[in-house]
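Participant: Chains as they are written, first to last, in our numbering: chain Z, 1 to 303; chain W, 1001 to 1422.
Keep in mind that the hints were calculated from the coordinates and are not lab data.
Here the structure is a predicted model, which means the values were calculated and not measured.
Label-pair distances were calculated between CB atoms; the ranges are:
hint, chain 1, residue 1, chain 2, residue 2, range
1, W, Pro1073, Z, Leu36, 22 to 30 Å
2, W, Glu1043, Z, Trp214, 56 to 64 Å
3, W, Pro1073, Z, Phe157, 38 to 46 Å
Built from N, CA and C at the ideal position, the CB exists for glycine as well.
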Amino acid sequence: MEVKTTVVPVSQKKPMTYEKQKRLLGVVFSLPALILLFTFLILPVILAFVYSFMNYNMLNPDGKVFTGLDNYIRLFQDSIFLTSLKNTLYFTILVVPIQCSVALGLALLVNKKVKVAGIGRVFFFSPVVTSMVVVAILWTFLYNVDSGIINNALNFFGIENQPFLLSADQAMNSIIFMSVWQAAGFQMMIFLAGLKDVPEELYEAAEMDGANVWQKFKHVTLPSISHVTGFVLIITTIQAFRLFIQPFVMTNGGPSDSTKTLVFMLYENGFQFRDVGYSSAIAVVFFVIVLVSSFILKKVLKQ
Amino acid sequence: MFKKLLVLSAAAMLSIGSLAACSNEEAGGSESGEVQLTLWHPEGDKSVAYDEILKEFNKEHEGEIEAKIEYIPRGNKYAYEDKISAAATSNTLPDLVAMDGPNVANYADAGIIQPIDDVVKEKDKFVDSAIKQGTFNDKLYAIGPTESTVALFYNKKMLADAGISPPTKLEDAWTWDEFYEAAKKLTDKEKGIYGVNWTLDYGEWIIYFTGPAVWSNGGSFIAEDGSTSEGYVNGPETVEAIKFLQKFTNEGLVNLQPTPTEFEDGNAAMMLMGSWQWAKLQGYPETEWGITYYPKSPNGDQVSPSGDWTWGISTSTKNKEAAGELLNFINTKDNVNKIAAVESTPPSRTDSMADLTEWDQEPMNVLKEQVLNTAHARPATTSYPVLSTKYGQAVQNIFLGGDVQDELDKVAKEVDADIARK
Chain Z
1 MEVKTTVVPV SQKKPMTYEK QKRLLGVVFS LPALILLFTF LILPVILAFV YSFMNYNMLN
61 PDGKVFTGLD NYIRLFQDSI FLTSLKNTLY FTILVVPIQC SVALGLALLV NKKVKVAGIG
121 RVFFFSPVVT SMVVVAILWT FLYNVDSGII NNALNFFGIE NQPFLLSADQ AMNSIIFMSV
181 WQAAGFQMMI FLAGLKDVPE ELYEAAEMDG ANVWQKFKHV TLPSISHVTG FVLIITTIQA
241 FRLFIQPFVM TNGGPSDSTK TLVFMLYENG FQFRDVGYSS AIAVVFFVIV LVSSFILKKV
301 LKQ
Chain W
1001 MFKKLLVLSA AAMLSIGSLA ACSNEEAGGS ESGEVQLTLW HPEGDKSVAY DEILKEFNKE
1061 HEGEIEAKIE YIPRGNKYAY EDKISAAATS NTLPDLVAMD GPNVANYADA GIIQPIDDVV
1121 KEKDKFVDSA IKQGTFNDKL YAIGPTESTV ALFYNKKMLA DAGISPPTKL EDAWTWDEFY
1181 EAAKKLTDKE KGIYGVNWTL DYGEWIIYFT GPAVWSNGGS FIAEDGSTSE GYVNGPETVE
1241 AIKFLQKFTN EGLVNLQPTP TEFEDGNAAM MLMGSWQWAK LQGYPETEWG ITYYPKSPNG
1301 DQVSPSGDWT WGISTSTKNK EAAGELLNFI NTKDNVNKIA AVESTPPSRT DSMADLTEWD
1361 QEPMNVLKEQ VLNTAHARPA TTSYPVLSTK YGQAVQNIFL GGDVQDELDK VAKEVDADIA
1421 RK
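Just chain Z, same shape as in the assembly (with noise of 0.2 Å):
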């Protein structure tokens, strides 16, 4: 009897109605998703924000004290800031456009409908699933300048050995060329499935109009995949800016700073010198700068 009277109070609430058991269903499910997104990316830009207020050594966390602006005035003044920011917008500038220019060559040429394009699909796809660390010490034994691959080929049609990544001039692009071969793989992917996507009868009514190849691909293939080509245009974008393994493995930033880029500063200052507020201020900034650049891209994209 007595149970019956603590249950009569409880059935007496009201249900929830339909809509708000949704919502707490969505909230209860996104939940996990949510906590691990607030710790291992929001807290960490945040705590980036207020560090780069800061003069933070991280060996000694307790000693930090607040310095204003001291880290961003230094910043602007640093010579090798300046030229890591040049390096890292060469590189995007020239990656970008190089990039996405042979991946949907790369993607035209497998998008047959014969064996070999799924051989060849296979071949420009690998270098994609091959970790890039491995990637860089490989084409660092094929730049070598000595026994190098690339300079035993060169010799071959009498040209005299490279230094490639040992100068200034030939080291940063030297890693551009690795770089597009090691990623284009990646963006053809993504043109691939765009291209598969262009209905055949627009082929179809532009030869009843006597296009040629051409012709075809301008007016038929480029426009039907325009909103795939603006999004491998972001991410690429994306990824040029935040070089790191490449020079940190195969120059060392060098020679003469030619390859050091904003996140390879960003890791020697916080991690080799352990001055977390400097390259806190350089994360800021780098922020910055790809937020910046992506939104003038998409609006670019959009016209």
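Got chain Z; can you put chain W on it based on the hints?
Facilitator: Below, chain W without anything else, positioned relative to chain Z:
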């Protein structure tokens, strides 16, 4: 646009990962009344000796102390130091931490290792350079079983064929000019044979192996009190020493991108390398190998670099007493002998030196004589990470043809800026 956050969160995850990796070990122990100790040491050949020593220690202290060692990869950069930094921020350092000599000052200053004057027994048994390296502000912070040195290893046949007989006595050590002449004679560009091999890594190696040339010439890297590097790292003596080394790379007597076994394969006649190279050469018994002294400046005495991995007790340990006991155990004569033997690194105890008779015979006596007579520690400064990194990058540029004075001026500027911020 949020990809940048990934970089940050990756960094965060790195430190959290190391936190998770060691916190469970640190927390343990109370259950059975057994004290748990953890140790960090870089991955390498010495692990064979350390595994054995810890097994013995654990057996001796069964039910009281249990020590566990973790070997951490180092790479050709500063990966091990990065890990220590990350652990220091999250307060998850092991009880005993191994560190390369020059980092002692930095760690002591930051307060992540503690003075061990009252812990270490038999301090008087260690060579001076080992004590000096572990001392910061007149207090001992670290002590290690081994010392190190860099000498000139050579291929006996190649030198004999060229009619070169390298010095066998310390007082006869080659001067720079003699060394240069020999290297020039031994270089055969047609056959792709280089006079000397010296490794160029992106870490601590550069300052370590070029240091003796600088010191021998009367130069240095930083003022004795650590207040400035201007006029030291870019002073005239230092510049002269580096210019001498640059001559080798400018004239192609050294390969800038050598294969890892260039010397062992007979494609280089000599090699400036650490004492551990002798152990490696034993894997190539078909060639006869020799060792001679690090060449000296015409203006000074012979000098060799020193400093090896050394042990300190972290400030976050809860068991200083047990940690101290293990520290002393690692540094007993017998155990020092064991560690020294695996990698042919010279022991840092004088009585171990006397025990290991092979160090009296040719050519290993060269290494021993250098450790006992000409060892010079790398500078003890809290700005060492900046000095080591920037100096290393500058020397890399110099070897590729950069201007010596300009490059070293840049190092002085960066180091002094770092000193000013501390």
